[in-house]
Amino acid sequence: MNTSALLMLLITEGVVTFFTIYFLVKVLKSPPRPIHTDEGQPVFYEAD
Amino acid sequence: MSKKESWGTRVGLILAMAGNAVGLGNFLRFPVQAIQNGGGAFVIPYLICFLLMGIPLLWVEWSMGRFGGQKGNHSTPFIFDTMDRRSFWKYLGVFGIFTNLAVGAYYCYLESWTLSYMWHSVMGSFNGDTQEQVAAFFTDYTGLSTAEPIIFWILCLLLNTWILSRGLSRGVEIVAKIGMPLLILFGILLAIQGITLKAGSQGAIYDGVVGLNFLWTPDFSTIWTPKVWLAAAGQIFFTLSVGMGSIQCYASYVKSKEDIALNAMSAGWMNEFVEVVLGSSILIPIAIGYLGIEKVVVMTQSGGLGLGFKTLPYLFQQWGPLLAALAGFMWFGLLFFAGITSSLAMGTPFMGFMTDEFKWDREKGAWTFGLLILILGLPTVLWFNKGVFDEYDYWAGTVSLVIFALCEIILFAWVFGMDKGWKEINAGSDIKVPIIYRFIIKYITPALLLFVFIGSLPTIINQLIGKSIKSENFWYVQGSRLLLLSVFLAICYLVYLAYKKRLREGRFNS
Numbered sequence: 000m001n002t003s004a005l006l007m008l009l010i011t012e013g014v015v016t017f018f019t020i021y022f023l024v025k026v027l028k029s030p031p032r033p034i035h036t037d038e039g040q041p042v043f044y045e046a047d
Numbered sequence: 000m001s002k003k004e005s006w007g008t009r010v011g012l013i014l015a016m017a018g019n020a021v022g023l024g025n026f027l028r029f030p031v032q033a034i035q036n037g038g039g040a041f042v043i044p045y046l047i048c049f050l051l052m053g054i055p056l057l058w059v060e061w062s063m064g065r066f067g068g069q070k071g072n073h074s075t076p077f078i079f080d081t082m083d084r085r086s087f088w089k090y091l092g093v094f095g096i097f098t099n100l101a102v103g104a105y106y107c108y109l110e111s112w113t114l115s116y117m118w119h120s121v122m123g124s125f126n127g128d129t130q131e132q133v134a135a136f137f138t139d140y141t142g143l144s145t146a147e148p149i150i151f152w153i154l155c156l157l158l159n160t161w162i163l164s165r166g167l168s169r170g171v172e173i174v175a176k177i178g179m180p181l182l183i184l185f186g187i188l189l190a191i192q193g194i195t196l197k198a199g200s201q202g203a204i205y206d207g208v209v210g211l212n213f214l215w216t217p218d219f220s221t222i223w224t225p226k227v228w229l230a231a232a233g234q235i236f237f238t239l240s241v242g243m244g245s246i247q248c249y250a251s252y253v254k255s256k257e258d259i260a261l262n263a264m265s266a267g268w269m270n271e272f273v274e275v276v277l278g279s280s281i282l283i284p285i286a287i288g289y290l291g292i293e294k295v296v297v298m299t300q301s302g303g304l305g306l307g308f309k310t311l312p313y314l315f316q317q318w319g320p321l322l323a324a325l326a327g328f329m330w331f332g333l334l335f336f337a338g339i340t341s342s343l344a345m346g347t348p349f350m351g352f353m354t355d356e357f358k359w360d361r362e363k364g365a366w367t368f369g370l371l372i373l374i375l376g377l378p379t380v381l382w383f384n385k386g387v388f389d390e391y392d393y394w395a396g397t398v399s400l401v402i403f404a405l406c407e408i409i410l411f412a413w414v415f416g417m418d419k420g421w422k423e424i425n426a427g428s429d430i431k432v433p434i435i436y437r438f439i440i441k442y443i444t445p446a447l448l449l450f451v452f453i454g455s456l457p458t459i460i461n462q463l464i465g466k467s468i469k470s471e472n473f474w475y476v477q478g479s480r481l482l483l484l485s486v487f488l489a490i491c492y493l494v495y496l497a498y499k500k501r502l503r504e505g506r507f508n509s
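From first to last, the protein sequence lines are chains A and B. For what it's worth, numbering that gives the first Met the number 0 labels the leading residue of the first sequence as 0, then goes sequentially. For what it's worth, numbering that gives the first Met the number 0 labels the leading residue of the second sequence as 0, then goes sequentially.
Treat each hint with caution, since some may be false.
Said to hold, decoys possible - Below, computed lysine-lysine pairings styled on DSBU-like, alpha-carbon distance capped at 30 angstroms:
#1 LYS256/B to LYS28/A
#2 LYS25/A to LYS309/B
#3 LYS254/B to LYS176/B
#4 LYS176/B to LYS431/B
#5 LYS25/A to LYS419/B
#6 LYS294/B to LYS28/A
#7 LYS422/B to LYS25/A
#8 LYS309/B to LYS28/A
#9 LYS25/A to LYS431/B
#10 LYS422/B to LYS28/A
#11 LYS431/B to LYS28/A
#12 LYS28/A to LYS176/B
#13 LYS28/A to LYS419/B
#14 LYS197/B to LYS176/B
Keep in mind the hints are simulated off the structure, nothing from the lab.
Start from the sequences, fold in the hints, and give me the full structure.
Pasting the structure below:
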């Protein structure tokens, strides 16, 4: 591959892959948020 | 969808939203657009449009959906109505149901092709065929030389309907949790096979990296041409499935205190990963590896559909019967998962509307959606080569998206107002949304959308006056337009009936 093509590919795919993983990991690490049932009892909404 | 309908898990929601965005275009349209608009340089306007138009629209649609959902509205007519009571907004919101019905009508047919081709790949139907025979198979298939296309189409419709009837957490979400990871796995395996092709091995004329090199070599001179920016903005638009109303519908089942900002980013970037990383690594490297650059460039003039269905099955044959079957299964399998996760999203706005307004249960909504898609889709199946398919795709899958997105950004940023809008985006957020996006959503995104719309006007006018319609297709095209218009007006009437019903029941909140 020529240098400019390789650079464009690596930078672009690197950036896209980084942010994809970054935001997905952030979702998985976010603490579960309590929601309340109709009876007012807290239930935790799990990330997964 | 019942008012108690909700997502089972956060990851399930994100995968479903990503699945809604990821479609055939990620693999068939993006690489062709890149080749035609500056190669590697295309990603510069593409990513800029993603940051300035794609992400803002995602945040706007997610937050509109959650806002409307809190008030029991799960489709855009009354989501819009909750944001501003002037009566025309709910009729503009009709686009959010119409587009999904009209696009779903032909999209399910496309999806059924992928199912059929999965079957044919596994059964070895293309073994020993020449390239012309493989291409002729597609022509015969869409020309309905047998009943097989109809059978697979009905099967596909039944599958979609059955999954929709199971609801979000027990239907749509399960498909997303299985389909999206498999799609990514198949994509990675095919990408590795494609870019590691060696000239002289397995019948390849060129290395796989020759195709990668061609796709990614930047022609920076193209960055200064409006045509390339229009193509980039258009691609971002279509790839994220914004402007359809399906994102608002999915988001309307997110609870008020749950995050939407991080969710939207995660789903959006996942779509970009599939498109930019996987989508660019399969079709073009494999095609160029066997056919050479010149031939592939000529073939891309007619879009990626031909390459994907007429050419790739032949090229897979060069890998021997076992690998060919596996590759075909994975290629059409990932296209199938891309398709079904999108078509399921298209069913939900209609179902949500009918449940909210007329108390339909989920099963009735799902089966009625299936029936409507069958009826609306029949012209695209029977008269595929008469311009009907293209007509649906243009008006419902292109023009109405842009119009709807323009309407929603004006509503959100200028009518509902950025004070309330910004509060909505940030409510429950698990990330800090950069403050500059307040400015971007209000001024830059609408400007970009206007640029896309105005840039498309010459084509819209040409299409309207029928410049590119063949004379033998004239009545088929006019009939399609009449049908689409009738559907739009019929939904407007349903919205009117729903509005009257709400008045009688005193359902409008202050």
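Quiz prompt | Hints violated by the structure (numbers, ascending) | solution = Of the numbered hints, 2, 6, 8 and 14 do not hold.
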